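Modelling step: build the complete structure from the supplied sequences, incorporating the hints.
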Amino acid sequence: MSSILIIVFGPLLAAIIAGLGNRAIGNVPAKILTTGALFLSCALSWPIFLSFVAGTAEASVVPVLKWVQSGTLTFDWALRVDTLTAIMLVVITSVSALVHLYSWGYMDEDPDQPRFFAYLSLFTFAMLMLVTADNLVQMFFGWEGVGLASYLLIGFWFKKPSACAAAIKAFVVNRVGDLGFMLGIFGTYLVFQTTSIPEILAAAPGMAGSTIGFLGMRLDTMTVLCLLLFIGAMGKSAQLGLHTWLPDAMEGPTPVSALIHAATMVTAGVFMVCRLSPMFQTSDTAMMVVTYVGAATCFFAATIGTTQWDIKRVIAYSTCSQLGYMFFAAGVGAYGAAMFHLFTHAFFKALLFLGAGSVIHAMHHEQDMRYYGALRKQIPLTFWVMMAGTLAITGVGVMGVFGFAGFYSKDAILEAAFASGSEHGQLAFFLGVVAALLTSFYSWRLMFLTFWGQPRWADSEHIQHAVHGHHEDLDEEASHSEHNSHAHHGGDDGTAGYHPHESPWVMLLPLLILSVGAVFAGYVFIHAFIEDAGFWKGAIFYNEHLMHAMHEVPLWVKLSPGVVMLAGLLIAWNSYIRNPKLPAAFVAQFRQLHAFLYNKWYFDELYNFLFVRPAFWLGRVLWKQGDIGIIDRFGPNGAAWAVAQGSRYAQKVQSGYLYSYALVMLLGLVAAVSWVMVR
Amino acid sequence: MTGFPILSVMLLVPLVAGLICLVVEAKTARALALAATLVDFILGIVLWANFDIGGAQWQFVEKVPLFAGFSWALGIDGIALMLIILSVFLMPICIGASWNSITKRVGEYMAAFLLMETLMIGVFAAQDLYLFYIFFEAGLIPMYLIIGIWGGDNRIYASYKFFLYTLLGSVLMLIAMLWMVNEAGTTDIPTLMAYDFPPGAQTWLWLAFFASFAVKMPMWPVHTWLPDAHVQAPTAGSVILAGVLLKMGGYGFIRFSLPMFPEASAQFAWLIFVLSMVAVIYTSLVALVQADMKKLIAYSSIAHMGIVTVGLFAFNTQGLEGAMIVMLSHGLVAGALFLCVGIIYDRLHTREIDRYGGLSINMPKYALFFMLFTMASIGLPGTSGFVGEFLSLAGIYQVSSLVTAVSATGIILGAAYMLYLYRRVAFGDQRNADAAAMPDIDLREWAMLLSLAFAVLWMGIYPESFLAPMRKDVAALDARLARAAPEGDAQLKMGSAQKPAQHAEIAAPEGGAH
Chain A
0 MSSILIIVFG
10 PLLAAIIAGL
20 GNRAIGNVPA
30 KILTTGALFL
40 SCALSWPIFL
50 SFVAGTAEAS
60 VVPVLKWVQS
70 GTLTFDWALR
80 VDTLTAIMLV
90 VITSVSALVH
100 LYSWGYMDED
110 PDQPRFFAYL
120 SLFTFAMLML
130 VTADNLVQMF
140 FGWEGVGLAS
150 YLLIGFWFKK
160 PSACAAAIKA
170 FVVNRVGDLG
180 FMLGIFGTYL
190 VFQTTSIPEI
200 LAAAPGMAGS
210 TIGFLGMRLD
220 TMTVLCLLLF
230 IGAMGKSAQL
240 GLHTWLPDAM
250 EGPTPVSALI
260 HAATMVTAGV
270 FMVCRLSPMF
280 QTSDTAMMVV
290 TYVGAATCFF
300 AATIGTTQWD
310 IKRVIAYSTC
320 SQLGYMFFAA
330 GVGAYGAAMF
340 HLFTHAFFKA
350 LLFLGAGSVI
360 HAMHHEQDMR
370 YYGALRKQIP
380 LTFWVMMAGT
390 LAITGVGVMG
400 VFGFAGFYSK
410 DAILEAAFAS
420 GSEHGQLAFF
430 LGVVAALLTS
440 FYSWRLMFLT
450 FWGQPRWADS
460 EHIQHAVHGH
470 HEDLDEEASH
480 SEHNSHAHHG
490 GDDGTAGYHP
500 HESPWVMLLP
510 LLILSVGAVF
520 AGYVFIHAFI
530 EDAGFWKGAI
540 FYNEHLMHAM
550 HEVPLWVKLS
560 PGVVMLAGLL
570 IAWNSYIRNP
580 KLPAAFVAQF
590 RQLHAFLYNK
600 WYFDELYNFL
610 FVRPAFWLGR
620 VLWKQGDIGI
630 IDRFGPNGAA
640 WAVAQGSRYA
650 QKVQSGYLYS
660 YALVMLLGLV
670 AAVSWVMVR
Chain B
0 MTGFPILSVM
10 LLVPLVAGLI
20 CLVVEAKTAR
30 ALALAATLVD
40 FILGIVLWAN
50 FDIGGAQWQF
60 VEKVPLFAGF
70 SWALGIDGIA
80 LMLIILSVFL
90 MPICIGASWN
100 SITKRVGEYM
110 AAFLLMETLM
120 IGVFAAQDLY
130 LFYIFFEAGL
140 IPMYLIIGIW
150 GGDNRIYASY
160 KFFLYTLLGS
170 VLMLIAMLWM
180 VNEAGTTDIP
190 TLMAYDFPPG
200 AQTWLWLAFF
210 ASFAVKMPMW
220 PVHTWLPDAH
230 VQAPTAGSVI
240 LAGVLLKMGG
250 YGFIRFSLPM
260 FPEASAQFAW
270 LIFVLSMVAV
280 IYTSLVALVQ
290 ADMKKLIAYS
300 SIAHMGIVTV
310 GLFAFNTQGL
320 EGAMIVMLSH
330 GLVAGALFLC
340 VGIIYDRLHT
350 REIDRYGGLS
360 INMPKYALFF
370 MLFTMASIGL
380 PGTSGFVGEF
390 LSLAGIYQVS
400 SLVTAVSATG
410 IILGAAYMLY
420 LYRRVAFGDQ
430 RNADAAAMPD
440 IDLREWAMLL
450 SLAFAVLWMG
460 IYPESFLAPM
470 RKDVAALDAR
480 LARAAPEGDA
490 QLKMGSAQKP
500 AQHAEIAAPE
510 GGAH
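Quick mapping for you: the protein sequence lines, in order, are chains A and B. Throughout the first sequence, residue numbering follows numbering that gives the first Met the number 0, covering 0 to 678 in sequence. Throughout the second sequence, residue numbering follows numbering that gives the first Met the number 0, covering 0 to 513 in sequence.
Among these hints, one or two may not hold up.
Claimed, not checked - Listed next, the stretches of chain A that the computed footprint assigns to chain B, with coverage defined by at least 3 CB atoms under 8 angstroms from CB atoms of chain B:
(1) 61 to 70
(2) 173 to 184
(3) 211 to 224
(4) 615 to 624
(5) 629 to 638
Stated by the list, open to error - Label pairs and their calculated CB-CB ranges:
(6) A/I629 - B/E351: 22 to 28 angstroms
(7) A/E57 - B/R443: 50 to 56 angstroms
(8) B/V45 - A/P28: 39 to 45 angstroms
(9) A/L609 - B/L491: 30 to 36 angstroms
(10) A/I629 - B/L442: 44 to 50 angstroms
(11) B/N361 - A/D603: 30 to 36 angstroms
(12) A/V27 - B/A467: 41 to 47 angstroms
Keep in mind the hints are simulated off the structure, nothing from the lab. All values reported here derive from a predicted model rather than from experimental measurement. Heads up, the beta-carbon is just placed ideally off N, CA and C, and yes, glycines get one too.
This is the structure we're talking about:
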């Protein structure tokens, strides 16, 4: 099992060489090195995963290096491989390898390619450290490591102010979650005297019902620990309240959005809850909170997704919403379903993002869907892979015959939520169904606006640039998605004479491979993930009873996701194909509702008002009034004033002070020595 | 190495070299200073290599009685060893940092630095109370000179402030020392560390020492000398001030206040906690609005020292070891950050953040190092900053979850002010033509930053090298403190057939993080 060492440390090595070598080793060697390392990792990961699917592999731990030993608090570097890790290994290395390849085409004109590829590989390393962690602290290492990589990649075009702001926001908001995670680790160590995950999980049931003091309150031990850790998960997985960084993270290059902000990093929170499932299972309250947060996010993000114009932002909110599904699945105890959705979502969401990247590439960096339209014929391959992604995310399928990936995983989640029988499970089910309707609507809205209808390219500034041959220098990429003023010229057909071009093969090939995943991942793996306790081998808490009850739900429950999916499709078709004036009329009628959704429920404004501005204001007050106005005024300056009043001869403070200081010291020593001698 | 007075030699080498520096010309003085600090660094490595982990508590002991019980007594334990290593590691870097930027009175400058090295090692190696006092107080004289002569425009005010703060503390500490020697009948520090002072007296003695150490640390609200001193000091002065001089306060707590007055330490732990919590939040917020790079990093130092003090007064192994690692880590990281500021200051002669911008474009190597040290400063796992902060906070959590939760907000605020700084200096467009024209780091600067980067990563990935020598000493201190250790607020109670927590309560931990 030492192949895991190559899987994990290969990308790190590639990242170091490409990053430090940077321009010295050149674009192509850096790209070959990092992409090669990832394809190697990927090739080594699939056999591990398949051996778990086949039931022949056993969980193992490869020790690497001692890390910290402080009293009884010890933790080491080690790589753990079990079923849960194996799933994450294939998801991470496959998507990462494909994104590396895709970036050859997408980042082709960028002057800073070695740095980009080094960051991508560095991210992959950190993510792999996270999922192979055998103790909570190494998980935290990976956790913050992916945060760093995410920060660097969001801010990759660092000349652009919005990218820098988004990068800082992502890091700081994640740190809020990390604070919870860290407190959770401290509490876990306090209670269990270990940070080893297997030992904690083994001891967790014994702690059920115990109480602990926390912030002056007396609370249920496991509830406190689980919720603290869950705050970490909320930050990383952009759940309601700590989600504000994810849409802004779209400032990063599109391949980054696909890899980090869709397929892998943002699912770390779900992974953590599943990894610690026996622990969460000991606290009903924690499970309820997880369910509510997940269900609320799933609904709220979907509502915002219906109003956005930026193609990447629609997909970003969609990601946020899908993560909500995974959390409430975990919350009702269907960890297998949560991981299954994580698995299928990785493929179709990465596909949708990379497909969107291909559209953006074709449209000369225009991201606003208002300036798309009729691209079906222009970029047919991109169209078809986006179609596969849309069919997968909306969950198209026929029961018992075949379905696209999301059909299996989303239905499993909704059925599990209903079957759980709890009040919060029921609520999650209804919110999940409503969100499925919204998902179908915004997904088809995206498709119709982009690929159907008339061309509306003429008003796009980016297209204008392209047509009029304003050849921007390469740096300009940074400021691309900034401004969309309405320049009114161009051809009558709305194309302004622009001809979108299909992406190169290095970009299309990863899209095709991912669409295979989006089409078949559900059909092929549903049995292992949902129905086979032997597959999991205790890597997650497997609820036999719930898995059974899932199959017993009423027919209307089983049918409802399909019905709402069709309803969403119909509404989108009616609004954007049959009667394109309808959305504007709707917006005019419900202006406030639309503004509320379009402005993302005003979370950014609220947080600015509550946290950001007060922090700066308080900092200024404490500095000017506190340090200078009070402490200095009555401290040293006051003393100086008193001294100056007292002695008119002290003109030369600068030499006087040193002598007086030395004198005091000397006198003190003389006193000390004479004291000792006299005694 | 028995018999060879290595500690005395380490004190003597820079002292002699410093005296010679006074009389030779600038070029020779530089070379000599570098050679002397490197020799001391090598001696430090020898010291480390020969330190017997798990052996006697005090090693390399030298004792020459001078008069009246006052003696030349040196000796180190693991804690002192690590701080000496930190000092001798940073000194050659300081000399390197001053290589081109100091042009006037070079001989005297080098002499001041070398004298300071002698005195710093002396502080950590002294085993006689009065000897410690001499080193402790005299060590600041070269610092005054460095700020006062080679400092910025407002250097007089800065040194004056420094003086006023320090004076009060040291007078009180000296009086306390006199009383202690009279009571215990010895000036021997190891003996005093095991001496049980009457609890009533401990209170006053603790406060007297606290007055001195709190200023050195510095703790809120006696911190205002630090930003001014840093801003006015030349780069190397800032490096050594942040790197080593601030550690003397923490060393004082761990060597004197805790082992000598355990009861009083427990009694005043609340005071330390309150001041530290205020320091973490207050100075972090102040750091957020600074326009001067050095001031920003100076304020961040105060916040980090808050984590040290809560760790020290957690009365357990993790807290003590964590505090020590934060001190070592901060010595490296803050030193490195001041060096980073110095590097661009040498080129543009301003510390104003807004005068820079987009340095990643013309100084990519510099930007990489700056990023690494920024991340180390905000405690990214894998760097030294994380190990210290994590252990320290894990230690205090066992005493009070409230203190931990408040102090840990430093990780959020720290990320905010450091990334905001980095964004304005290294990211963004090249707003200023002169900043855009600055050349990337040269070989000298590269060597200095690389050695610091190496140390930061080593301590982050394999801190065992640094923890192992201290383990036994921390355990001994922990054992001595055990009788006064406070009870934690967690008080885990095993459940009977009790119901899981009520719904109303779950809002609390969640709300706390928003």
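A quick look at each hint next to the structure:
no.: 1; hint: 61 to 70; verdict: holds (count 7)
no.: 2; hint: 173 to 184; verdict: holds (count 9)
no.: 3; hint: 211 to 224; verdict: holds (count 12)
no.: 4; hint: 615 to 624; verdict: holds (count 6)
no.: 5; hint: 629 to 638; verdict: holds (count 5)
no.: 6; hint: A/I629 - B/E351: 22 to 28 angstroms; verdict: holds, 26 angstroms
no.: 7; hint: A/E57 - B/R443: 50 to 56 angstroms; verdict: holds, 54 angstroms
no.: 8; hint: B/V45 - A/P28: 39 to 45 angstroms; verdict: holds, 42 angstroms
no.: 9; hint: A/L609 - B/L491: 30 to 36 angstroms; verdict: holds, 34 angstroms
no.: 10; hint: A/I629 - B/L442: 44 to 50 angstroms; verdict: holds, 47 angstroms
no.: 11; hint: B/N361 - A/D603: 30 to 36 angstroms; verdict: holds, 33 angstroms
no.: 12; hint: A/V27 - B/A467: 41 to 47 angstroms; verdict: holds, 45 angstroms
Consistency with the previously given hints is maintained throughout, with no hint failing.
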